[in-house]
Every structure is written in C-alpha cells, then in structure tokens.
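Q: For this one, chain B is given, so just place chain C on it according to the hints.
If you read the protein sequences in the order shown, they are chains B and C.
Numbering of the first sequence is given in my numbering, commencing with residue 1 and proceeding in unit increments.
Numbering of the second sequence is given in my numbering, commencing with residue 1001 and proceeding in unit increments.
Derived from the structure by calculation, the hints contain no laboratory data.
The beta-carbon is built from N, C-alpha and C at its ideal position, and this holds for glycine as well.
One or more of the hints may lead you astray.
To be verified - Listed next, the stretches of chain B that the computed footprint assigns to chain C, with coverage defined by at least 3 CB atoms under 8 Å from CB atoms of chain C: (1) 78 to 87; (2) 180 to 193; (3) 259 to 267; (4) 359 to 365; (5) 413 to 421.
Claimed, not checked - Residues from chain B that keep clear of chain C, each with C-beta distances beyond 12 Å, as calculated: (6) Glu120; (7) Ile135; (8) Glu214; (9) Val234; (10) Gln249; (11) Trp284; (12) Ser303; (13) Gly305; (14) Asp310; (15) Gly321; (16) Asn324; (17) Asp327; (18) Met328; (19) Glu368.
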Amino acid sequence: MGAHSRDRTVDFLAVAREILPPGANYDSCVGCGICASGCPASGLFGMDPRRFINMATLGMNEELATTPWVWACTQCKRCAYLCPMGIDVSQLVGVARGLWPEEEKPKGIVRSCAAQRMDESTSAMGVRSKDFVEIVEETAEELREADPRFADLKVPIDKKGAKFVLNQNSREPAVEPEEMGPLWKILDYVGADWTYASKGWAAENFCMFTGDTEAWREMVETRVSAINDLDCEVWINTECGHSFYTLWQGIERFGLEANFEADTLVTYYAQWIREGKLPVNSDWNVNNIKFTVQDPCQMVRKSLGDQAADDLRFVVKTLVGEENFIDMQPCRSANYCCGGGGGFLQAGMNDARRAYGKRKFDQIAATEATYVLTPCHNCHSQIEDIGEHYQGGYHVTHLWTLICLSLGILGPDERKYLGPELADLNLPDEA
Amino acid sequence: MKRRSRRIDTDLAVIGTGIAGFAASLFACRRGLEVAQFGHSGAMAYTTGYLDLLGVQDGRVLDDPWDGLGALRRETPEHPLARLPDETIRTAFGLFTEALTEMGLGYTAPGERNLRALLPNGLVKSTLSVPQTMLPGCEALAQRARTLVLDFDGLQGFSARAFEANLAERWPGLSSARLTFPGMEDRQVFPEVMARALETRQTREALVDLIRPQLDGAEYVGLPAILGMQAPDRIRTEMEAALGATLFEIPTIPPAVPGIRLREGFERTMPERGVTLDPVLKVSRVRFGAAGATLTLHGAMEDIEVEARAVLLATGRFLSGGLRADRTQVSETLLGLPIRQTESRNDWYRKDYFDPAGHPVNRLGIEVDASFRPVDAAGDPVQDTLFSAGAILAHQDWVRQRCGAGLAIASAYAAVDSAAAHLTPEGQPPDRSVRSDR
Chain B
1 MGAHSRDRTV
11 DFLAVAREIL
21 PPGANYDSCV
31 GCGICASGCP
41 ASGLFGMDPR
51 RFINMATLGM
61 NEELATTPWV
71 WACTQCKRCA
81 YLCPMGIDVS
91 QLVGVARGLW
101 PEEEKPKGIV
111 RSCAAQRMDE
121 STSAMGVRSK
131 DFVEIVEETA
141 EELREADPRF
151 ADLKVPIDKK
161 GAKFVLNQNS
171 REPAVEPEEM
181 GPLWKILDYV
191 GADWTYASKG
201 WAAENFCMFT
211 GDTEAWREMV
221 ETRVSAINDL
231 DCEVWINTEC
241 GHSFYTLWQG
251 IERFGLEANF
261 EADTLVTYYA
271 QWIREGKLPV
281 NSDWNVNNIK
291 FTVQDPCQMV
301 RKSLGDQAAD
311 DLRFVVKTLV
321 GEENFIDMQP
331 CRSANYCCGG
341 GGGFLQAGMN
351 DARRAYGKRK
361 FDQIAATEAT
371 YVLTPCHNCH
381 SQIEDIGEHY
391 QGGYHVTHLW
401 TLICLSLGIL
411 GPDERKYLGP
421 ELADLNLPDE
431 A
Chain C
1001 MKRRSRRIDT
1011 DLAVIGTGIA
1021 GFAASLFACR
1031 RGLEVAQFGH
1041 SGAMAYTTGY
1051 LDLLGVQDGR
1061 VLDDPWDGLG
1071 ALRRETPEHP
1081 LARLPDETIR
1091 TAFGLFTEAL
1101 TEMGLGYTAP
1111 GERNLRALLP
1121 NGLVKSTLSV
1131 PQTMLPGCEA
1141 LAQRARTLVL
1151 DFDGLQGFSA
1161 RAFEANLAER
1171 WPGLSSARLT
1181 FPGMEDRQVF
1191 PEVMARALET
1201 RQTREALVDL
1211 IRPQLDGAEY
1221 VGLPAILGMQ
1231 APDRIRTEME
1241 AALGATLFEI
1251 PTIPPAVPGI
1261 RLREGFERTM
1271 PERGVTLDPV
1281 LKVSRVRFGA
1291 AGATLTLHGA
1301 MEDIEVEARA
1311 VLLATGRFLS
1321 GGLRADRTQV
1331 SETLLGLPIR
1341 QTESRNDWYR
1351 KDYFDPAGHP
1361 VNRLGIEVDA
1371 SFRPVDAAGD
1381 PVQDTLFSAG
1391 AILAHQDWVR
1401 QRCGAGLAIA
1411 SAYAAVDSAA
1421 AHLTPEGQPP
1431 DRSVRSDR
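Excised from the complex, chain B in its bound form (with noise of 0.2 Å):
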C-alpha cells in the first residue's frame, strides 16, 4: 500500500484529548508495552500500539497519517483493556483511517461501504431490499417444503410490533441462503414473535472501518429509523460483531432517538435453553468430540464484556458437552481478535492480515480442538482461512448449525460447516 500525500493529517493530541474519556490521557502512558506485547498486530509495518501513542506524544503526526498499519490494527481494543491508564488507540486509528484519501484507503473496505449507501436495504454485498425479501421468501418456501415438520413455519418481515426484530448478515442471502435455515428453524422452534426489517436489516457496517465519520452516522441513521417504525422491543443482532458494536455505539455517539434494546442472538439462545424452550444436550456427542470458541471482540470485550462470555459458554457447553468443550486462552474479554476485524478481512492484505492470525491460530492449535465455534461472520471467515493456511485441519461453525444438530433439526443441505464425522449425524426423521 502506498503512503499517500502528507498534506492531511491532525494533531493527534489534540484528537486525543477531545475523544478520550475524563480521566484517561496519552501523556499518561508510562511505556510499559503491555499494549505492543498483547496485540496482534504487534511488528506489522513496524509499528505497534505503544510506538503509536509514542509518535502521537512526539507530535510525529504526518508518520501516524500516513502509516498502512491503521488498516493492520483491527481496532479490537486490546490494548485499552491491558492499559494501566486506560489509552486506547483504536479510537485515534480511527481518526487515522479518515485522513487517507478514498482512493488510497484498501478497496474491499471501500466498496463495501459505497455499497451499503446504494441501497436502504444497507447491505456491504449490493443485496437490495426487494432482492432480500425475494429471498427470504424463496428460501422459506424451500424450507417449508422440503421438511413437514416446519410447514407452517412463518418468516415475517415488516411485522410491526414483534417483540424481536432481526438483522441478517449479506453473506447469506447473497451466497449461502440455506444457512438462514437454521435460524429460522430455532426461533420457530422456540414460538419467538419475531421480524426482519425490508430497510436496514444487513448486519454488516464497513462505514465505520473506512474512517468515514459521516457514512457511519447515515448507516446507523438508516439503520435506527427502519428499527423505529417496527416499533419493536429488542432489537436482535445475530451471530455477526461488528453490526453489533456499530449500531449501539453510533446511537451512542450521534445521539440518536431509539425506540428498541439493543442484544444478541447469543443473549437469547441462553435464555431459551435456560427457560427450557431450546431443549439443547450433548447427547449426540458420543464420540466426545472437542469444541472451542472465538468470543467476538465487538459483541464481547468492545460492547457486553464477560456476560456476554458466559452466556457463550453456557450456550456451548450445553450443546457440546462441558467435558468437552476446552477453552482458549486467554478468553473471554481477554480474548485475541481473530484478525479478520475491523475490515482486514477486506482489505487485500492477506500477508499481514494471517501474520496477524497466527496467534489465533495458535490458541486454537493449543486447545487441539476439531470445531471451533464463531458467532460472528468475520471471526467465521477469518478462523476458516488461517486453518487453511497453517494446516489446522479444524471445521468452524455457527452456534445455530449445532443447536439444530441437537434438536435434530438440521436438513442434509444446512451442513457445509460440518466435517464428515457429523455430516449424517442427528439427520431429521423422514416424515
């Protein structure tokens, strides 16, 4: 990547000193590196986070405008939760990002904003509104069809009124529409009063990553007022971070007006197992195979901090047995970010982006786990490629894949995850 015109740039103390919480300050860093030792992105176009806020406190402002590792850092906040002093970079990489030309910033970031401005529907992968509903209906239909036992099951989208209403990553009625089935099925399953929305319902926002202020704010906007008029209780966000983080935080930070509790699928997966609803177990597992799994920065660390974990754990250790279930280290809010975040994964750095994985990839390595499970798409993708390409030879899933799988639910054709030893385990009965 090339360093673009050193015209732009700020001073990022002063930044600082505006977007920083009362009582945090980067003159306050005492250069421990506890940030540098505990980031991934730690010696990618050598730099690091303590060098960062070094450079910011010797005014080396043209450098941090111009450095390409703004786009390696995935903006996980690590280094804000190991800080003795609370200083978080993401905040002023962020900042960084904006000064880039749009010309110079990575493409795939790029595109997937202007392609979410495109169209209400908000979607990264160009899905429209009316493509969505099209799909969503086809697929149901499919669905319905294809298993007796969810002939009747409903897929209600612009239902005013429901008590949930559901965003829904691109990538699946873009390329994969069958693993929406799942979804769908649990929430049957569990008689949820629940909607999509025909505006605003992708759960992707790479706005925020390109460092684009403005686009953030007109996605949330876009986002808060398709969620408004449904009039619902709890906005849900599925197994996808980054929607999450963006959504709740831009309210935040624009001060929007919103009508709906923000939470996550996991969240309520928890509470329906626990209320017996989604009666999940472990009985399938009879050969005892090993699960971990990724806690998503943006839903974890960056948004619901270890509540959020537990219930994750809950979740998992339902599903999969607690004896089985091993989990990484270190985990929870403490956990790395699996480097497919804050648009790496988009970004055409591939190098950099696995360099980065290398440390998930060897947390994972060290549980010596088959599965690892990953509510969120990024993590998903991510985590699939650098099993690829440091032989890893672990399957990656969603949490809907293995709930169906419990409740024998899963049709033949919702299990690409699955490796060969549970592509034929738990199959629906033949009606």
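A: Chain C only, in chain B's frame:
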C-alpha cells in the same frame, strides 16, 4: 436507546485487582463470604513473579525475613506488616501460594529463609517464594552448576550475554547463546508472544530441537520466562524430558510473562470460586449507608449498582490510580480518604535519589486502625464497613523494602479477617436479611 442496568448484592465488595485485591477475594471466599470484585489492569503484569515478604531492612539485604520483621516491629511499629504477628503473615502467605499452585502456577511454600533468586540483568535478589519454573535457577546458582542461558533474536530487555557477564566471576560454569525463536524470524519478539506460542506442542518440539545442539554438557538451561502461560510447570516438565536437562525461567523486565500468568490465572479461577469478577471495570462512586455501601459502575453498555455489606479498598498507589499527587498534596481518588500530608511538597523527596532512608512521599497513604479500617485525623474509623489493604496503606515503602507481596497478602488477610468478624459476629453465618429492605 435504553441502557441496561444490573444490580449485584454481595457481602464484600473488593475494589482493586492487584495482588492485594485478589488475595482479599480469595481469603473472603474461604470464609464463606459472597464477593464481588472490580478493578483495572493495574500493575500486576509488571511483577517478576517472585513473592517478597521482606527483602531489605535498614539497608541490609535479609537472609531471614522473619528476623527482619522483628527489627521492623521495633523500628517502624506503624508499618502495616509490623502490626501483624508472624503467625498471621505465615498463614496468609501459605494460603496464597497454595492457591496459586491450585491455579496451575506452582509456587514454593514460604520457608524460614529468603531464597536467592536470579534477576534478568544477572543480579540476585532475596525473596520468600518463587514460581516452581524459577526454582532450579536458585539451585543452579547455589551449586554453581554447569548452566547454559539463552536469549532470542529480536527480544529486548534480556541479554543472555550480559547475564553471563555479570555473574561470570562467581559462576564460572555459566555460558550463554542466542537462538532464533521458531517462526519469529527478523522481528521484535515479546516474551508474552513466545509464551503463547509455546502453548502448542509443535513450537515446544521445535524449540527443544534448537536448544539440544547448544547443550554441550550443560545440566541446567535458563530461559527468559516464556514457558507457556496457563500451565508452565507442565510445559517445563515436558520440555525437560525431551531435552534431557533441567530447565528454569529467569524473570524479564515488564511486561513480563509471570505477571500476566498471575493476572490471567486469577481472572480464570476466581469466578470458579464464586467471585463476581469484572477485572476491567472501575468503580466510579461509593455511597455508604446504614447497612453497607452502594457502588456505582458504568460498563460500555450497562450501569451496575452493587449493594455491599462491607467494602475493601485495595486500589494501589499512583500507577494503579488509588492515589493521586498534584501540586499541593497526595489524595485518595475514590473516597477522598484523609491522608496525613507532609509539611510541604518539598518534603516529599530527600535530596539524594538513593538516600537509604527512602523518600517520605512513598510512605504516604491510608492510615488504618488495628482492624485495617481507614481512619480520620482523630484516629476513628471513617466507616465501620470500610477496610483497606495493600500498597495504598501508609508507613511502608514496599519497593525499597522488597515487601510488596507480603504487604499485599498479609494486610488483605487481616482486613478480610476484620470484615468477616464485622459481617459474621460470633461465627454466625452472614446476615443477608437487611438487603431485602433496600
């Protein structure tokens, strides 16, 4: 958007997640108290991993810390450690090292004498308890055994060559070599990153293969502290078996693996012991009432109120944010507790940086009564339900006296003892009925 809110009811709220805070939670759990603990990352990751009780008294390096405590009681009776009997300190220290060992971080039990333990620059310090991964280093030094010390390309802050040079005169059997850590060529490497990589079998085998040709008859091999993060004793045993020599770790400068191990170990195991723990969430306000205190905390997406029947403050000193110094005074940051100031700011420091008497500012802190309750100028407790422990306490200079862990652990034990006595008078189970009124 509606912010979430959560309420936590607990017997004891521990504020602080350093050694003192975690020790307090541990001791409180043992006493059957419900504990909620909050804090921030603080300074724990900066430790060598050695647990000092008392390494220096009156400028003398101590061989016998218990003897040193006797001298401390005579010379500085107001020192928090001087106010506790040996028996209490010994019990507290022993329980703490046992708990660490249970966590998977083997530590030596506190003995009668200080150990002579290695430091990264080839110096030696007196300390009471060391990680099992570091103990063979003490033995190798004592025996002047044939020992190879290794460092790695790109590792800053630890030089095997300098280590060897500084110890060469008294340890002729010492040699050094530099390796390239497997998979980490041509770049800066951090001990933490190497330790994480050694969690995988593949990296362990690759490293052993690199070390083996360097052995040249060495009985001991010293490495910077990188032998894994979660189960260092198991990793050391496994690598020793493959190598055919005794391995030991040498602490490195911060940020160092032994401190990260402690922090992650506590974060992993305290919730298993029943502690409600948020290790990176600062308490923003505490209000005391008739039945205890209400703590307010603000997470990213939620506001938390903690109703606690007692509070233990272990927020540390300046680095951890428990104390603050401005142009006129030293203050306590959360509750505004009274601090007996020096006459003027000029009296904070002596002229000579290395003055053996130390600097008065380092001895400023929270004054407590015999129950480790913070007191006002008249010596009366500020609150019946407030206790304090660790480096925030006045009349100690833990860095100079090499008494940081001992101070934290023993004062936490004593403070929890008092809190438990307050909460469970005459050995009764905690009376939690008062909470329903609030």
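Q: Confirm or reject each hint.
A: These are the hints, each one checked on the structure:
no.: 1; hint: 78 to 87; verdict: holds (count 5)
no.: 2; hint: 180 to 193; verdict: violated (count 0)
no.: 3; hint: 259 to 267; verdict: holds (count 3)
no.: 4; hint: 359 to 365; verdict: holds (count 4)
no.: 5; hint: 413 to 421; verdict: violated (count 0)
no.: 6; hint: Glu120; verdict: holds (21 Å)
no.: 7; hint: Ile135; verdict: holds (29 Å)
no.: 8; hint: Glu214; verdict: holds (21 Å)
no.: 9; hint: Val234; verdict: violated (10 Å)
no.: 10; hint: Gln249; verdict: violated (8 Å)
no.: 11; hint: Trp284; verdict: holds (27 Å)
no.: 12; hint: Ser303; verdict: violated (6 Å)
no.: 13; hint: Gly305; verdict: violated (6 Å)
no.: 14; hint: Asp310; verdict: violated (8 Å)
no.: 15; hint: Gly321; verdict: holds (18 Å)
no.: 16; hint: Asn324; verdict: holds (18 Å)
no.: 17; hint: Asp327; verdict: violated (8 Å)
no.: 18; hint: Met328; verdict: violated (10 Å)
no.: 19; hint: Glu368; verdict: violated (8 Å)
Violation of the numbered hints given earlier is confined to hints 2, 5, 9, 10, 12, 13, 14, 17, 18 and 19; the remaining hints are satisfied by the structure.
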